[in-house]
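Work the whole structure out from these sequences, hints included.
All letters in the sequence shown, in the order written, are residues 1 to 245 by my numbering.
It should be emphasised that the hints constitute simulated quantities derived from the structure, not laboratory data.
Wrong hints could be hidden among the right ones.
[Stated by the list, open to error] Restraint-style ranges between C-beta atoms, simulated for each label pair:
no., residue 1, residue 2, range
1, Glu121, Val94, 40 to 46 Å
2, Arg212, Ser151, 36 to 42 Å
3, Leu86, Ser216, 21 to 27 Å
4, Ala57, Leu143, 46 to 52 Å
5, Val15, Leu175, 20 to 26 Å
6, Leu135, Gly167, 27 to 33 Å
7, Gly208, Leu175, 35 to 41 Å
8, His120, Arg85, 23 to 29 Å
9, Trp158, Val43, 32 to 38 Å
10, Glu207, Ala132, 33 to 39 Å
11, Ala98, Ser151, 33 to 39 Å
12, Gln22, Thr155, 26 to 32 Å
In this text the structure is predicted, and so the values were computed from the model without any measurement.
The beta-carbon is built from N, C-alpha and C at its ideal position, and this holds for glycine as well.
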Amino acid sequence: DLALLSLLGNLIYYVGLAVAVQNAGVAAASLIIGLLPVTVTLVGARPGEGVPLRRLAAPLALLAAGVVCINIDVFRSGEGAPAPRLILGVLGAVLALACWTLYAVWNARRLASTPTFNSHEWSLLTGVVTGALSLVLIVPAFLAGGAAHGSSAWTLFWGVSLAVALGVSVIGNGLWNAASRLLPLSLSGQLIVFETLFALLYGFLHEGRWPRPLESAAIALMLAGVLWSVSLHRPSGVASNMTGT
Numbered sequence: 001d002l003a004l005l006s007l008l009g010n011l012i013y014y015v016g017l018a019v020a021v022q023n024a025g026v027a028a029a030s031l032i033i034g035l036l037p038v039t040v041t042l043v044g045a046r047p048g049e050g051v052p053l054r055r056l057a058a059p060l061a062l063l064a065a066g067v068v069c070i071n072i073d074v075f076r077s078g079e080g081a082p083a084p085r086l087i088l089g090v091l092g093a094v095l096a097l098a099c100w101t102l103y104a105v106w107n108a109r110r111l112a113s114t115p116t117f118n119s120h121e122w123s124l125l126t127g128v129v130t131g132a133l134s135l136v137l138i139v140p141a142f143l144a145g146g147a148a149h150g151s152s153a154w155t156l157f158w159g160v161s162l163a164v165a166l167g168v169s170v171i172g173n174g175l176w177n178a179a180s181r182l183l184p185l186s187l188s189g190q191l192i193v194f195e196t197l198f199a200l201l202y203g204f205l206h207e208g209r210w211p212r213p214l215e216s217a218a219i220a221l222m223l224a225g226v227l228w229s230v231s232l233h234r235p236s237g238v239a240s241n242m243t244g245t
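Pasting the structure below:
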């Protein structure tokens with residue numbers, strides 16, 4: 001299970017994400033992968049677990065509307081890549097979306113059925129397996145050849161790889177595993193929307209600009225959808241105490 005989870009959630013997902021960003025841009029990749037809250041909630045929902053899907057229809061609709069706003073903005077802005085590259089980027093984003101949907105659902109259920117390991121230990125085990133698989137897959141990657149890179153490029157590559165390994169694989173996955181163990185999948189799935197929001201934020205910082213009106217609307221819709229979902233997941237006793245009843 002760990003090997004397949006590592007392939008889905010780390011290796012194949014990041015390959016698809018890299019292809020999407022390089023060929024379709026940050027915004028296009030974000031808008032497609034931004035469907036994760038919807039796909040994880042729908043795929044992972046079980047009868048009697050968490051909040052019924054019919055009660056989540058409105059928050060999910062807000063999330064979907066946010067993704068639509070980003071989509072419209074991408075095509076209106078005229079900054080898209082040429083058609084062949086854009087199609088390749090879209091396919092990469094769809095691949096990443098499918099992989100992380102399966103990973104999130106499977107990982108949450110695996111954690112729930114494996115009380116032997118805590119969230120941090122499970123994250124470290126996943127990292128070890130991912131590292132081992134990477135060593136195996138790096139051989140055909142180098143044999144395939146490609147353009148030569150200078151020492152400065154390799155230094156940057158290893159520096160970024162180390163930062164991603166520590167920040168995302170160790171710390172990020174540890175926090176995600178903790179959330180997966182503590183929260184119902186119908187809620188944790190929607191919290192993935194923050195990945196999209198931060199991706200857009202980093203994209204704006206990189207481009208040195210403020211979000212356009214439709215981008216701002218998308219962020220507002222996504223945040224509203226998540227906050228609404230959180231309120232629906234609040235225990236009834238807590239809600240009663242907050243209202244003073």
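Results for each hint:
1. Glu121 - Val94: 40 to 46 Å: violated, 32 Å
2. Arg212 - Ser151: 36 to 42 Å: Since the Cβ atoms of Arg212 and Ser151 sit about 39 Å apart, the hinted range of 36 to 42 Å holds.
3. Leu86 - Ser216: 21 to 27 Å: holds, 24 Å
4. Ala57 - Leu143: 46 to 52 Å: Holds, since Ala57 and Leu143 (Cβ atoms, about 50 Å apart) stay within the stated range.
5. Val15 - Leu175: 20 to 26 Å: Taking Cβ atoms as reference, Val15 and Leu175 lie about 23 Å apart, which means the hint holds.
6. Leu135 - Gly167: 27 to 33 Å: Because 21 Å falls outside the window, the suggested range is violated.
7. Gly208 - Leu175: 35 to 41 Å: Roughly 30 Å apart at Cβ, these two residues miss the hinted range, so it is violated.
8. His120 - Arg85: 23 to 29 Å: violated, 40 Å
9. Trp158 - Val43: 32 to 38 Å: holds, 36 Å
10. Glu207 - Ala132: 33 to 39 Å: Once the Cβ atoms are compared, 37 Å apart, the range 33 to 39 Å for Ala132 and Glu207 holds.
11. Ala98 - Ser151: 33 to 39 Å: holds, 37 Å
12. Gln22 - Thr155: 26 to 32 Å: About 20 Å separates the Cβ atoms of Gln22 and Thr155, which means 26 to 32 Å is violated.
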